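Take a look at the letters that make up each chain.
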Amino acid sequence: MDTKRKILNIIKKRILILDGATGTELQKRGYPGGICPEKWTIDHPDVLSSIYSDYCKAGSDIVFTSTFGANRLKLSEYNISDVVGTNKKLASLAKKAVTKNTFVAGDIGPTGHFIEPFGNIKFEEAVNIFKEQVKGLLEGGVDLFVIETMMDIQEARAALIAVKELTDSFTMVTMTFEKDGRTLNGTNPAAALITLQSLGADAFGCNCSTGPLGMLPFIESMKPLATIPLIAKPNAGLPKLLKGKTVFEMSPKDFAQSTKNIASAGANILGGCCGTTPKHIAHLEKILKNKKPQMPLKKSISALSSSKKSFILTENDPLKIIGERINPTGKKALQEELLNGKTSLIRSFAREQKEKGASLLDVNVGVPDIDEVKVLKDTINMLSIITDLPLVLDSSNIKALEKALRIYPGRALINSISGEKEKIEKLLPIAAKYGAMFILLPLTDKEIPATAIKRTKIIQSIYGHAKKLGFTKQDIVVDCLVMTVSSDPRSAIETLDTISWCRKTFKTKTVIGLSNVSFGMPQRKWINASFLSLAASRGLNMAIANPSLETFMNIKMASDVLLNKDPDASKYIQHFTDSKPLDKKEALVSTPEKNVSAAILEGNREEITEFISKALSTITPEELVNTYMIPSITKVGDLFEKKEYFLPQLIASAETMKKGFNYLQPLLKKSQKTNKSSSVILLATVRGDIHDIGKNIVALMLKNHGFKVIDLGKDVSTETILNKIRDNKPSIVGLSALMTTTMVNMKEVITQARKKGFKCHFIVGGAVVTNSYAKSIGAQYAKDGVEVVKAAKILIKNT
Amino acid sequence: MNQIKYFESIYIPLRKEKIYKRLGYNKHFTRIDEKQKNQLEDYFEEALLLLELKGAAKRILIEKNNTEKISLSGNISFESKKLANFLEGSSEVLIMGATAGKKIMESIVKDSTSDNLTRGVVFDAVASEMVDDCFLWMVNYFNTELRRENRQLTKRRFSAGYGDFELKNQKLIYNILELNKLDITLSNSFILIPEKSVTAVAGIINIE
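As you go down the protein sequences, you meet chains A and B in turn. Under my numbering, the first residue of the first sequence carries the number 1, and numbering increases by one thereafter. Under my numbering, the first residue of the second sequence carries the number 1, and numbering increases by one thereafter.
The set of hints was computed from the structure by calculation and includes no laboratory data. For clarity, every value in this text was computed on a predicted model and none was experimentally measured. Among these hints, one or two may not hold up.
[Claimed, not checked] Subject to a maximum C-alpha distance of 25 Å in a straight line, what follows is the list of computed SDA-like cross-link-like pairs (lysine to any residue): (1) A:122 with B:180; (2) B:35 with A:569; (3) A:39 with B:142; (4) B:37 with A:784; (5) B:168 with A:767; (6) B:58 with A:33; (7) A:320 with B:41; (8) A:708 with B:116; (9) B:103 with A:385.
[As the list claims (entries may be wrong)] To spell it out: a stretch of chain A is covered by chain B in this simulated footprint if at least three of its residues, at any positions, have a beta carbon under 8 Å from a beta carbon of chain B; those stretches are: (10) 232 to 245; (11) 685 to 698; (12) 735 to 743.
[As the list claims (entries may be wrong)] Residues from chain A that keep clear of chain B, each with C-beta distances beyond 10 Å, as calculated: (13) 6; (14) 100; (15) 293; (16) 331; (17) 335; (18) 366; (19) 447; (20) 485; (21) 614; (22) 665.
Where a beta carbon is used, it is the ideal one built from N, C-alpha and C, also for glycine.
Go ahead and model the full structure; you've got the sequences and the hints to work with.
This is the structure in structure tokens:
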């Protein structure tokens, strides 16, 4: 019986026990730190043997080789170049030290670098780095592999691909999730599980970072989705300060008791990480001896993932939308952008479609004369960083799809695999290798079948090929083929019948590209909407569409309610609440001038000029300003002081006021009424300081209250400020500084100004400035824009 | 060993509540309608697309701590009683630098001087919070490595410009981390540019 089968047989019968910490044990037994641990263990084989011996006695079924950092990048930090030899020696040492019933797992740890798209190591370089290590470990005779303490899903993928491309050995992968339930790169346990189990990991789980209590929810969240055994290797609790010393908090007994709960939650393989000792493992083995294991609950799962989160496709979920906009067909601007290597449109399409409710993003970069292999790869890398939605890889170029699948840091959906010979022979095995789901397109080299009956036969034929490669019906989504109703009046009915057959007979998920049905018809949106509703009623799971189309999304939301896929209609209600907010102005305000007030209060920059224009038919510009606008912006200041408004609201209102003022300015002059001349205020962020957003807010507020503001900008020298005071004779000078080191320059300005005999007032502010500091340098303090306005008014009045 | 480690793309989930708080939102008093909230959160999303969070860090051995001056290996020293006190009990330091990148700063400057100061202020808050969180991210990263050595980082950090740890030390930190490689420059007054760039020092202590 091979090792893989032996391990799987044990897992069926009982919990498999791993070892505890090696790094901390080495330190206890003499490793001095600061030198290469791998080299030190090779030079001190007895120490390593004693650790293995203790873990074997404690009951470990599997011990890890001491090769956590034995990859090219980490060894090179110690000028060690023989990666294969180092791994081989350490694997041999472990094999010699363990008892015959203990397996040795070749340990692969992180390189210490992040892999593209999250870091600067190229994906293929990472695969090759790990392959070198795998080769050495295989030569040393390891029984299985463990890829552990991974923080980057892409690095875990690279290591797993490296192992799988060299051996069929049982391979475990564990990642490190922080307290917030994500890796440092933002991957949650479910997403990591979906990605790595589909890529071929034989067991998956978590290690390090947290104790057993913190690890429990990770296992609980993964168990319902796992098709493979789950692993947990927690620390001995979290380090805490005890009598002046920092220690790991859990005793062996407490650790074992707590870790037992993880087994109850469904973990099949358990051990210990940092701070655990052979004693912890002995207690764990004892407590789990008669614990019945919980095998994976599923054999396969319809699930996709991005590098951040998972997407589970279940039968009774609301209809899911695959956003179709990242596709250059018929979009000249996008075509040009792709040809020029730009990404801004794709970024905005991704963002917009997510906002509008897409669950997945279709990505098609097919433009004539484009290097699709490169562009698709680059686009996938970029999208993997900016969106957490899983991607649908849409291309007819098999090489481009292969490259994209290799580097995509999640489980992708391929759009699509048909019954065409090339797709079956070339693309299907590639999809199987990378564990992707695929959209099954029921057409062949010979025909695009017009009837549902013909389509069902092709579906079964393609699935037959896929099954041989290990696919299940959970791994496919059938495209039910939408043809144009204007050229074949039965085409919509055939599509609907195909959906019904997939749902009721074949029992697989379905998708359609909706809009083709109405091609050539007038008022297409109504045909599309009706068709969507009918398809939903037959059990359609997904539609490829533009989620920004209001009619389409409204029908989707309504259909979900009617088909009991949104049982309490909460999503429906939310959708219409979000898209049609109550227009408070219309409801509460009846006159044009009151609309102007409301616009200022609400920060409605878009409509202020329109409201002013209407108000001027019944009121003079001066009356509008004095009776409605000034009181409104003053009220905004009051609301801000009472904390009923916060900063963005204050500024939005101020900007609305400014826009209104600018619009009124020529009219105010035209009216030729006397206007009290504005007081001049000079503003500057002092020398050495480049922070000026606070000063900009102050400038905006002052202008709105009728002051003439001269803004000198940031990092302004004392000399410049003094010259400007001399030239402009301001009533007030406002100085800003964010840092203690630059704050002192305020004093310099004021001292020099007084020496020169300037009589102006000074108001100072900024993050580190205090009232007492302001007083000490002969200035007035204001903590924000509202206070500056108040202070300025008082100072001017008293002048 | 102990080379500078660069992190070219740091992922930090957006913690909306922290941004709201930074902008002065008070859950007991502040009233905000759905439209304003949606607008704000659109700005959050836009800011995320502009952020280019990067970091650099280096572990350095403490050779001597005489309570007034910290001497590090490589002939590096910081004169600061407060820093020396903070590092009491530490055998090494981790020096860190992080930046939110140029793009977001360019957008903030543009917004601040044009007609969308509101967005500029929101971007500013998002960038400030996110770049601060880069330190937490790096601390978590290094703690995973350090735990294997039975060590961990101090929970608190110390930055140049606080107490008697003068801002001019930022020049030394800049050089140690070779922050030019992250497209950061240093002004004559020791301010990092782009503006949303920060540095800090943490201690490394033993777990017994």
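Okay, the hints, checked on the actual structure:
no. : hint             : verdict
1   : A:122 with B:180 : holds, 22 Å
2   : B:35 with A:569  : holds, 22 Å
3   : A:39 with B:142  : holds, 22 Å
4   : B:37 with A:784  : holds, 22 Å
5   : B:168 with A:767 : holds, 20 Å
6   : B:58 with A:33   : holds, 17 Å
7   : A:320 with B:41  : holds, 24 Å
8   : A:708 with B:116 : holds, 20 Å
9   : B:103 with A:385 : holds, 16 Å
10  : 232 to 245       : holds (count 3)
11  : 685 to 698       : holds (count 9)
12  : 735 to 743       : holds (count 4)
13  : 6                : holds, 30 Å
14  : 100              : holds, 29 Å
15  : 293              : holds, 29 Å
16  : 331              : holds, 20 Å
17  : 335              : holds, 22 Å
18  : 366              : holds, 25 Å
19  : 447              : holds, 45 Å
20  : 485              : holds, 38 Å
21  : 614              : holds, 21 Å
22  : 665              : holds, 15 Å
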